[in-house]
Amino acid sequence: DGMTEEWNSRQLLANYQTKTKTITAVTFSDDGDLLASGDSDGFVTLYQASKTNQAYEHYHSFSSHQTTFDYLKSINIFSAIKQIRFLPKHTTSDYLLSTNEKTIKLWKIGQKNIKRNNNTEPDSLFPKVSTQSKEIYSEEAKTYKMAHEYDIHSIDILTDGESFLSADDLSINLWNFESSQAFNVTNTIPDVVENTQEVITCTTTHPTHNSLFIWGTSTGCVNLGDLRSSSIVDSPNSVYKGKIIAQSESFFSEILSSLSSVAFSEDGNTILARDYLSLHLWDIRKRKKPIDSILLFNHYRPHLCSLYVDNSIFDPFSCSFGKDDDTLITGSYNNNLVFYNRNTSAQDSLYVGTDPEGESGEIDTENKVLQMYLHKQKNVLATAGSNILSVFFSEH
Amino acid sequence: MANHESLLNIFFEEMGMDDSGVKLNALRTLSEVATSVGPEVTASSLLPFLQDVAKEPEDDVLLLLAEQVGCLVDILDGNTQLLLPVLEELATAEEPSVRGKAVDSIIIVLDNLDQESIKENYLPMLARLSAGNWFTSKISACSLFSPVYPKLEDGDKLSIRTIFYGLCADNLPMVRKAAAENLPNLVTQLSLELTKQEILPLFNELATDKQDSVRLCSVGNVVALLNILDEADVDQYVKPILLDYCNDPAWRVRWMVADKFEDICNARNVAVINSIIPSNYVNLLCDSEAEVRTAAASHLTGVCSTLELELILSSVIPCIKRLANDESKFVRASLAKSITGIPEIIGRENTVNNLIEIFLEMLKDDFPDVRLNFINDLSNITEIIGIDELSQHLLHAITKLAQDLNWRVRLKIIESIPVLAPLLGVEKFNERLAPLCLTWLGDRVCAIRDASTENLKNLTALFGVEWAKEHIFPQINRFSKHPNYLYRMTTLFAISSLSTVVDTKTLSDDLFPLVLGLVNDPVPNIRLNVCKTMGKISQSDINQEVTEIIAEKLEQLKADQDSDVYYFAMLAQNE
Numbered sequence: 088d089g090m091t092e093e094w095n096s097r098q099l100l101a102n103y104q105t106k107t108k109t110i111t112a113v114t115f116s117d118d119g120d121l122l123a124s125g126d127s128d129g130f131v132t133l134y135q136a137s138k139t140n141q142a143y144e145h146y147h148s149f150s151s152h153q154t155t156f157d158y159l160k161s162i163n164i165f166s167a168i169k170q171i172r173f174l175p176k177h178t179t180s181d182y183l184l185s186t187n188e189k190t191i192k193l194w195k196i197g198q199k200n201i202k203r204n205n206n207t208e209p210d211s212l213f214p215k216v217s218t219q220s221k222e223i224y225s226e227e228a229k230t231y232k233m234a235h236e237y238d239i240h241s242i243d244i245l246t247d248g249e250s251f252l253s254a255d256d257l258s259i260n261l262w263n264f265e266s267s268q269a270f271n272v273t274n275t276i277p278d279v280v281e282n283t284q285e286v287i288t289c290t291t292t293h294p295t296h297n298s299l300f301i302w303g304t305s306t307g308c309v310n311l312g313d314l315r316s317s318s319i320v321d322s323p324n325s326v327y328k329g330k331i332i333a334q335s336e337s338f339f340s341e342i343l344s345s346l347s348s349v350a351f352s353e354d355g356n357t358i359l360a361r362d363y364l365s366l367h368l369w370d371i372r373k374r375k376k377p378i379d380s381i382l383l384f385n386h387y388r389p390h391l392c393s394l395y396v397d398n399s400i401f402d403p404f405s406c407s408f409g410k411d412d413d414t415l416i417t418g419s420y421n422n423n424l425v426f427y428n429r430n431t432s433a434q435d436s437l438y439v440g441t442d443p444e445g446e447s448g449e450i451d452t453e454n455k456v457l458q459m460y461l462h463k464q465k466n467v468l469a470t471a472g473s474n475i476l477s478v479f480f481s482e483h
Numbered sequence: 005m006a007n008h009e010s011l012l013n014i015f016f017e018e019m020g021m022d023d024s025g026v027k028l029n030a031l032r033t034l035s036e037v038a039t040s041v042g043p044e045v046t047a048s049s050l051l052p053f054l055q056d057v058a059k060e061p062e063d064d065v066l067l068l069l070a071e072q073v074g075c076l077v078d079i080l081d082g083n084t085q086l087l088l089p090v091l092e093e094l095a096t097a098e099e100p101s102v103r104g105k106a107v108d109s110i111i112i113v114l115d116n117l118d119q120e121s122i123k124e125n126y127l128p129m130l131a132r133l134s135a136g137n138w139f140t141s142k143i144s145a146c147s148l149f150s151p152v153y154p155k156l157e158d159g160d161k162l163s164i165r166t167i168f169y170g171l172c173a174d175n176l177p178m179v180r181k182a183a184a185e186n187l188p189n190l191v192t193q194l195s196l197e198l199t200k201q202e203i204l205p206l207f208n209e210l211a212t213d214k215q216d217s218v219r220l221c222s223v224g225n226v227v228a229l230l231n232i233l234d235e236a237d238v239d240q241y242v243k244p245i246l247l248d249y250c251n252d253p254a255w256r257v258r259w260m261v262a263d264k265f266e267d268i269c270n271a272r273n274v275a276v277i278n279s280i281i282p283s284n285y286v287n288l289l290c291d292s293e294a295e296v297r298t299a300a301a302s303h304l305t306g307v308c309s310t311l312e313l314e315l316i317l318s319s320v321i322p323c324i325k326r327l328a329n330d331e332s333k334f335v336r337a338s339l340a341k342s343i344t345g346i347p348e349i350i351g352r353e354n355t356v357n358n359l360i361e362i363f364l365e366m367l368k369d370d371f372p373d374v375r376l377n378f379i380n381d382l383s384n385i386t387e388i389i390g391i392d393e394l395s396q397h398l399l400h401a402i403t404k405l406a407q408d409l410n411w412r413v414r415l416k417i418i419e420s421i422p423v424l425a426p427l428l429g430v431e432k433f434n435e436r437l438a439p440l441c442l443t444w445l446g447d448r449v450c451a452i453r454d455a456s457t458e459n460l461k462n463l464t465a466l467f468g469v470e471w472a473k474e475h476i477f478p479q480i481n482r483f484s485k486h487p488n489y490l491y492r493m494t495t496l497f498a499i500s501s502l503s504t505v506v507d508t509k510t511l512s513d514d515l516f517p518l519v520l521g522l523v524n525d526p527v528p529n530i531r532l533n534v535c536k537t538m539g540k541i542s543q544s545d546i547n548q549e550v551t552e553i554i555a556e557k558l559e560q561l562k563a564d565q566d567s568d569v570y571y572f573a574m575l576a577q578n579e
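In order, the protein sequences belong to chains A and B. When we follow our numbering, the leftmost residue of the first sequence carries the number 88, and every step to the right adds one. When we follow our numbering, the leftmost residue of the second sequence carries the number 5, and every step to the right adds one.
None of these hints come from the bench; they were simulated from the model. Hints are supplied without guarantee of correctness; some may be wrong.
Claimed, not checked - Counterexamples of contact, computed for chain B against chain A with all Cβ distances above 10 Å:
id: 1; residue: 32
id: 2; residue: 163
id: 3; residue: 176
id: 4; residue: 178
id: 5; residue: 273
id: 6; residue: 395
id: 7; residue: 407
id: 8; residue: 525
Stated by the list, open to error - When the alpha-carbon atoms are kept at most 25 Å apart in a straight line, the in silico BS3-like pairs for lysine-lysine are as follows:
id: 9; chain 1: A; residue 1: 373; chain 2: B; residue 2: 416
id: 10; chain 1: B; residue 1: 333; chain 2: B; residue 2: 404
id: 11; chain 1: B; residue 1: 341; chain 2: B; residue 2: 325
id: 12; chain 1: B; residue 1: 416; chain 2: A; residue 2: 221
id: 13; chain 1: A; residue 1: 195; chain 2: B; residue 2: 59
id: 14; chain 1: B; residue 1: 243; chain 2: B; residue 2: 341
id: 15; chain 1: B; residue 1: 404; chain 2: A; residue 2: 176
id: 16; chain 1: A; residue 1: 176; chain 2: B; residue 2: 325
id: 17; chain 1: A; residue 1: 465; chain 2: A; residue 2: 176
id: 18; chain 1: B; residue 1: 59; chain 2: A; residue 2: 229
id: 19; chain 1: A; residue 1: 199; chain 2: B; residue 2: 341
Just so you know, even glycine gets a beta-carbon here, dropped at the ideal spot from N, CA and C.
With the hints as constraints, model all of the structure from the sequences given.
So, in structure tokens, the structure goes:
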């Protein structure tokens with residue numbers, strides 16, 4: 088233990104009292120100065136790091152997406168924010184991408200000077216303008232739409248700073264920020280759509296290499312694609328597929344192997360993948376078998392039936408590397424964030440909820456930590472537990 | 005004075021409003037305002053105000069401002085350096101189109117600056133932009149080095165070169181990319197010594213940059229260096245880099261090389277790299293990525309015109325054969341466009357032996373663009389080999405395209421008819437294509453009907469009025485009595501366009517009576533087109549009798565119930 092002790096300073100940023108409004112996306116900007124959270128109502132809220140003390144202050148919030156109705160298919164397109172990504176900061180304004188299930192938007196958040204005419208001379212022809220105060224505004228700089236037939240679940244920005252990827256269940260598209268047209272990069276739609284065996288569940292780009300990206304699928308595969316090899320990455324350049332850790336093949340085996348998130352280590356040489364019960368680590372150069380498969384949540388097994396019935400078995404938990412590559416962090420139920428140390432095989436939990444007594448033996452699926460983001464340089468960990476958003480500061 | 009004041013007041017009031025539409029309108033009057041207040045007041049007060057405007061967030065306003073400031077150059081003649089601060093502010097804008105316009109305006113101002121102003125205003129501005137906090141100013145700076153370079157003294161030349169090299173090695177790939185794009189412009193102005201000393205190491209760095217986007221933009225440097233360096237240096241420094249480029253793992257870089265291949269082949273020192281050109285070009289033609297093959301194929305004629313015949317026959321022709329059956333339709337379409345220049349290069353016999361089959365395949369291709377691209381440039385081929393070999397298949401292809409379900413395809417083939425008709429000759433044309441031209445007159449799509457009337461005019465000019473009388477007029481006659489009004493309209497349009505190419509007698513005896521017959525047509529649309537047609541006819545050579553009849557009928561139509569008919573009758577009378 089002791090892995091979670093350092094995260095002792097906590098700031099509660101948001102606590103939505105209604106059960107219907109949940110926090111669905113959390114991310115830091117590159118320098119950690121801004122924290123963005125997206126919720127199920129389509130709002131994006133920004134918090135800025137305070138210069139004087141160890142805290143984040145509310146900076147700005149705006150409505151990024153609204154629920155709309157698709158007339159062709161007669162279904163609702165929900166406003167819930169699926170993912171937010173900050174662009175590297177290159178001007179005085181901040182830019183971020185936020186997406187719901189169908190449309191990606193580029194938002195510019197800037198500061199406007201409120202000017203006033205201070206002209207006291209009655210004869211002069213020209214106004215003397217002075218700046219009264221600054222007002223923070225958000226402006227929709229670009230919209231990227233109509234490129235995905237299925238629901239978008241992830242977006243990520245490439246390291247050249249000029250393009251980004253967006254992924255839905257069966258395809259991944261490459262966009263350039265300047266244009267409104269997407270190029271299809273990966274397309275796993277079979278000839279007859281009904282015969283789909285495998286869907287894409289999550290995507291992320293390599294931290295340093297401009298052309299590499301990985302996507303996880305519902306059959307437990309991690310696929311690595313290289314944008315340089317061809318204009319359409321029809322088949323992945325590398326496939327990482329392991330055997331399912333199944334004590335017995337059961338009805339749930341297939342569902343349990345579906346990956347909910349994938350992440351790269353800081354140097355890009357290791358891939359972390361989370362399926363429902365375990366974490367898997369792959370060396371990018373060894374495809375035959377993973378470095379490790381860690382069964383963290385075996386205690387869910389007895390409850391799989393009820394978890395299936397209330398759809399919790401499909402919860403998309405995120406995962407990431409800790410401050411060094413030996414620590415792995417992932418979310419779970421009961422508002423717990425689980426830490427795992429690869430060297431010592433030790434496991435620890437950090438409680439991110441607000442009710443200190445909520446530690447019963449039962450699995451509380453209402454309170455779960457789906458989103459989290461660790462900013463290494465600034466030593467801050469942001470967690471979103473359904474309707475609670477907190478940041479944890481480390482004393483180191 | 006009062007006039008100036010009121011102009012100014014309105015300007016400032018509008019610029020202070022929140023509505024960007026109002027601001028844009030005000031900005032459009034900027035030149036007028038500046039002219040009326042005169043250069044002194046403009047310099048002392050208007051420009052600082054504009055500098056504030058340049059800090060506003062609305063991109064439309066900034067774009068227009070960048071453009072309008074460039075227009076102020078005439079007004080401030082002699083003092084144009086005062087415009088630079090506003091433009092400097094705009095050159096750091098976030099929106100790339102604003103930056104682009106600002107850079108353009110700065111270059112306009114530069115033309116107007118004298119030596120002293122350049123040293124005191126332009127150069128410091130350039131230094132500030134290059135050292136800016138944000139990458140946007142650096143990117144703008146990259147385009148501003150080569151325009152000013154020839155005007156500088158040696159000391160200054162050295163210092164701005166140093167700044168530029170700094171940008172080429174900047175941390176951000178976007179800045180390096182912009183610098184790489186602008187390097188060729190600078191290189192062409194440097195001496196050979198300097199190029200060898202300073203540019204070559206830089207060129208190496210950029211060509212091996214980790215980011216694909218930077219390597220992409222450096223391909224242009226290869227061409228520039230080929231034109232400048234001497235043979236030994238090309239062999240030692242440029243050749244290996246070019247080889248690396250052709251085999252780059254990123255397909256986008258290979259695409260860029262393919263795109264620039266023609267320029268490479270036409271460079272001054274190409275003899276040195278002659279050994280590697282054919283094999284690498286063939287590699288690009290057979291690249292694994294379809295986009296690269298398409299780019300390489302589009303430059304086929306340009307590249308082959310620099311190669312020896314033997315080489316073409318032995319290496320390139322087999323490649324062409326493979327490409328003609330390529331699985332990607334875009335590759336085939338690109339090939340179809342560029343292959344028409346090849347017969348001229350390799351001569352009749354070689355064409356007949358090697359390429360005829362490919363031509364025939366192209367005429368039968370599934371993808372309409374392949375057929376269309378090929379047919380469009382057919383005259384180049386037929387000049388060399390004559391039409392007989394192809395005519396059978398050609399006619400078949402044309403007939404099929406003419407009936408294609410997609411109207412845009414039909415439109416393109418109609419546009420090619422005037423080119424094809426003289427190649428085929430009157431006989432063959434009458435046999436196979438004349439009936440087609442007439443069915444197009446009655447096509448369901450209006451654009452096709454319009455294009456076909458134009459077509460008929462061209463054919464008449466080509467084959468003569470007698471031919472037109474025999475083949476076209478009967479159909480026009482039939483149409484003029486058609487129950488559907490759209491066909492009657494087509495008659496009028498056809499007569500309008502034919503009136504310019506037929507002689508007076510034909511016009512009055514054969515065509516004019518048809519127009520007359522429609523004067524009392526029940527549909528107002530027809531009647532107003534009659535007015536238009538009559539107006540058009542009266543512009544050609546016609547005899548007195550016809551003129552009188554036209555005048556009489558136009559009077560009659562002026563009294564028409566429908567107001568549109570009245571309007572067009574009035575218009576026609578004025579002509």
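**Request:** Could you work out which earlier hints the structure fails to respect and list their numbers in ascending sequence?
**Result:** 3, 4, 9, 12, 14, 15, 16 and 19
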